[in-house]
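Trainee: Each residue of the sequence shown is one higher than the one before, starting from 1 at the first, in our numbering.
Keep in mind the hints are simulated off the structure, nothing from the lab. Among the hints, erroneous ones may be present.
Simulated restraints, written as ranges between beta carbons of each label pair [stated by the list, open to error]: (1) M53 to T14: 48 to 56 Å; (2) E13 to F44: 43 to 51 Å; (3) G10 to E54: 21 to 29 Å; (4) E13 to T37: 13 to 21 Å; (5) A11 to M53: 18 to 26 Å; (6) Q36 to T14: 35 to 43 Å.
Fair warning: this is a prediction, and the values are worked out from it, not measured in the lab. Built from N, CA and C at the ideal position, the CB exists for glycine as well.
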Amino acid sequence: MAEKNRLTSGADETTPSHPQYFSWINNTNEGATEGQTLINLEYFKWLHDTYGMELEIYAWDAGNLDGSAGTYGHPDETPKLKE
1 MAEKNRLTSG
11 ADETTPSHPQ
21 YFSWINNTNE
31 GATEGQTLIN
41 LEYFKWLHDT
51 YGMELEIYAW
61 DAGNLDGSAG
71 TYGHPDETPK
81 LKE
């Protein structure tokens with residue numbers, strides 16, 4: 001493999017890769033519903049069982065925790081930001 005320089009820098013076959021999914025891709029700021037999340041998890045189970053894919057990171061949108069209340073922040077605090 002050629003030494004990396006300005007012309008050849010960037011990702012290559014030695015760059016670590018981590019399979020991940022971010023739920024915000026398919027949802028609004030309110031986050032995924034329980035049903036949507038269960039469907040997603042079932043799909044990733046199918047990918048694992050069928051192809052051996054292992055999902056390392058399943059990231060939820062902040063809306064999964066507090067978006068349905070119309071705020072971002074701790075539920076016991078004064079709302080910081082309205083959607």
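Trainee: Need the list of violated hint numbers for this structure, in ascending order.
Mentor: 1, 2 and 4
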